[in-house]
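With chain E's structure known, arrange chain D on it following the hints.
Sequence lines, in order, name chains E and D. Number 403 marks the last residue of the first sequence (the working numbering); no jumps. Number 1135 marks the last residue of the second sequence (the working numbering); no jumps.
If you are wondering where the hints come from, they were derived from the structure by calculation, not from laboratory data. From the three backbone atoms N, C-alpha and C, an ideal C-beta is built for every residue, glycine too. Among the hints, erroneous ones may be present.
Claimed, not checked - Pulled a few chain D residues facing chain E out of the computed Cβ check, cut under 8 Å: (1) TYR628; (2) GLU632; (3) ALA861; (4) ALA864; (5) GLN872; (6) TYR873; (7) ARG879; (8) PHE880; (9) GLU930; (10) GLY941.
Here is what each chain is made of, one letter per residue.
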Amino acid sequence: MKKQVLFVDDEPKVLAGLRRMLRGLRHDWDMEFVEGGRPALDHLVNSPCDVVVTDMRMPGMDGCQLLREVMERYPATVRIILSGQCDRQTVLKAVGPTHQFLTKPCDSDTLKSTVARACRLRDHLPDQRSKELVSQVQSLPSDPSAHNRLVAEIRSSTPSLERATEIIAHDMAMSAKVLQLVNSGFFGTPQRVSDPAHAATLLGLESLRDLVASPNVFFALQGEPAQEHFFDALVDHSLAVANAAEKIARAETDDPTVIKDARLSGLLHDIGALVLSKDSPELYLETLAVAQQKQLLLREAEQQIFHSARDDIGAYLLGLWGLPDPVVKAIAFHMKPCESVEDTFSPLTAIHVANVFVEEANLKTPGRAETVDDNYLSRIGRADRLEHWRELCGACSSRGVSP
Amino acid sequence: MGLPLNSISALLRAIDGTDGSASDSNLLEERLATWKPLQLVVADTHGGAISAIPAVAPRDVLSSESLIAQSIKAMKKERWCAWQVGKSAGRICALAVRLSGPAGDMILGGLLEPGEGFSLPTSEESTALTLCGAMAWTVQHGQAMDAELRTRVRHLSDEHETLRMSHTEAITAAIEEREQRIRDQEEHMARLQAVMMMAAEGIVTFNESGLIQSFNEAAGYTFNYSPEEAVGHYITDLIPPPPGLEWDEYLGDYLMGRKTAVASRGHEVLGRRKDGNDFFLEVAVSRVSIAERDVYTGILRDITERKRADRELKRLHLQNEMILNSAGEGILGVDHQGHVIFANPAAARALGWTANELVGRSLHQTIHYARKDGRPYPEAECPVCRTLDKGATVPHAEEVFCRRDGTSFPVEFVRTPIHEGDETIGAVITFRDVSERRMLEAQLRQAQKLESIGQLAAGIAHEINTPTQYIGDNTRFMKDAFEDVNSLLAAYAQLLDSAEKHEIDDSLVQEIRSLVEDADVDYLMHEIPKAIQQSLEGLARVAKIVHSMKEFSHPGGEEKQAVDLNQAIESTATVSRNEWKYVADLETDFDPDLPLVTCLPGDFNQVMLNLIVNAAHAIHDAVEAGLREKGTITVSTRRDGDWVEIRVHDTGTGIPERIRPRLFDPFFTTKEVGRGTGQGLAIAHSVVTEKHNGTISFETTLGEGTTFAVRLPVSPSSSHPEPKHEEASSVR
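This is chain E alone, in the form it adopts within the complex (with noise of 0.2 Å):
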């Protein structure tokens, strides 16, 4: 099925030029190009559409307006930023709603292909309420003492970028948030980072004191203690998994690339399961206790009662908000390396292992384990590794209790 994509900016030669650039595409996707927000808006309610790019400033209805509008209204929607305006409150305003954000002049494959990756990402997740849900996010909750503790950090009268990144590296929410800051070209011109501590450390303090003041990018988990709980343990069975991740990774490449990427997809690995939990706390609770009484994965009892598991919903937000490619294709397969077409060691092969090993070392995970994919292991000439990883990662203690 075609993919409807709306373009919106207040210069008709910029539409033009965009139709004609496009036009090559024209066998996949629908393209239709609209003067202005309200337009937009006005068009949307006959033709809805799969992605919106548009223009942030334009008379009338701004663009961060009209993303606000279709996030509402169609959340479903990915929303997109083309603009050549880097005003930073702006910019700051439109962090919610907004998935990407391209800086013009884009050049036409950068624009093609982010816009295609949004298209192909939406075919990985059938759910509609699913896609709905993860659509919505604008941010993830963080681990309360981690914002605490960066907010002191920021608002102290000798704050330092140092401390503040490595606080931010060890959240999954923030991380998560700087990466797409970052990767998407929202603060400057977009780069391919998977560090979460170098994004921190390119967004700069300035910018960092802007994110901790907007109440709707960095927050605290507010929960009920059980919820607290379940969240507690996922921070440490994430960070575990990074570590270990990052080990495997090392013993197998010297690219820093993959090592990084491998830590990241460690960290971020389960980022699905906080937008389930986020989005209904109790449910997930329930989630949680189907599994151990009916001794399943817990990714099949996410799919029973929410339709979606968190890896699918995790690499789903990961890939909205620009994350680099293979981060987001080892979290959407490390439960299911099989259906993955790579046939190397990747940061997938890493964290697939990782959270095996670390599930492992702790007897407290509801429902039944995952285990490691011997034939993907063979697949990729790597099952002779396995023992040695183990020893690795035995010899680093796993912090946590796996959810």
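Leaving out everything else, chain D in the frame of chain E:
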């Protein structure tokens, strides 16, 4: 109550009747004890009682000593004097007491050696009393009367009797003459007394034992004593001796100032008022011998006020010195010839001299010999010297002063002439090194310029990014289209080849048809020219923006040059387009015949930018408030004689009445953070009025909009003040 001589004689005899033995003395004591003192009687030189006062001593303490002491005290209080017997009797005072006893009233005379200084000239007429007193004294002391005294008393008494009997007439004449002399003396004394009493200076006389004998009104004011009170006090009550000082030292050194001062000029001591408070006193004490006895006269002056004034003067002096020394501004004094007479440390520091070195030098030749550009500065043109001639104040002027090392610095100075009568005798120059302030002002202007450039940069980037985006897209499209067209052309070439060989292959035609279809040639033929056209437009747009940027950010410098204002405004509007285009349309109404205006292009552009951005903000606010969807900014230019007028009109909110008066004030701003420094209008005002001798004014109506009018002289030479346009706001 008289005291007849014969009764005194009777008393004398009665007393004399006793033999003066101890037992008799006791008898007298006894008798005396039965007497009740009624009155003390003091007789005058003629034997007549001057006054009588009740005895004050109670019965039981009526011992002879206490009686005498009481009497003396009473007499002192009433300013009475006792009499001295003649020299032969030594200094013995006599007094009589009238006592009332069982045997009737009795006059009891007394004599005493005066520890106190009683002084009245002796007189024969006091004889009777003396006799009486002598006897009483003898009786009181319970001793036999001194034989010689007794003899003398008898003798005198007899002599008196004889004299009285034989020379009554002569005595009467003598008495009369003497009385006349006394009256003359008294008159003289009264005059002296009056002079003394009325003297402005405090005058006190005291005897060698320090007892005050006279005291004038002025002294009374000084010490808070009435003259009457003071007499009978001692000088030591008024001028307490410093501790440990003997009487002689006190009198000689302390009061008379033998060691410390020239006596006649007085010296400083500490006086004590009646209430016990001490104060500074200047005294000049001198000694006069009268009738072989020393009398001291002190001239006293309360110098409390003078001392206070002295202290105050000293304090003021110190304070002034401190102010001069600590003043941050340089302060110089010059005499009428322009020579430095004083310089404070700040002035010396700023000029690189010491204060002492500056004094005496010609001010002009030392610090003011060169102009800003280094040319010599003739003294005749020097505002410093001109002021000296006219004697007028230079309220606020700017000049360049030279340091010792030859470097110079800009100053702001105030010159105040010093007048003495009608004559100008010099001037005080207060100056301040304003190089730092100049620098700050320049920095502020620079900061505002940078800020607006920074603000513009984001907008300009957007302005350029937009055409860049569609030029890129169009080019990419043409690249793809060219590939399609290329393969189509290749096919056509084949077709041509076949046609030339007259063997057209159907499959080739089919292929070409398919290619034409794939490439959507109709679409390409329709779109490619448009893509080219729009790309060229985009390029023109970019070129224009870049050109305008160059125009706007004119380095210019400080040299004025002839500028086409219309073009300058056009450029400014272009570079600021992103600031206004979302809220307003900008229309221009330019005078095509506008002359070139000699101005600083960079500064002029800055003013236009500030006005246009302000207009955009005002319209933005109006749009936010729902007054209108989109506004209009109209910029117009007109020639008006030697002047040009630029008007920037907006359909914004208008300026609230309360802020109108402060609109051009530096550091006044209504802009929230993030909307600029808020110094735009202050800088526009400074640029227009100070750098171009122009005017800037505004008209505003709430809810409808505002028009700013900038008027500039076409050339600086024609920049005489404008008569008809006030530099003030007017309200439509």
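We went through each hint and held it up to the structure:
1. TYR628: Nearest chain E Cβ about 73 Å off; hint violated.
2. GLU632: violated (76 Å)
3. ALA861: holds (6 Å)
4. ALA864: holds (6 Å)
5. GLN872: Interface hint status for GLN872 (chain D): holds (4 Å vs cutoff 8 Å).
6. TYR873: Result: holds, 3 Å to nearest chain E Cβ.
7. ARG879: holds (5 Å)
8. PHE880: holds (4 Å)
9. GLU930: holds (6 Å)
10. GLY941: holds (7 Å)
Figure legend: structure checked against the earlier numbered hints; hints not met, in rising order: 1, 2.
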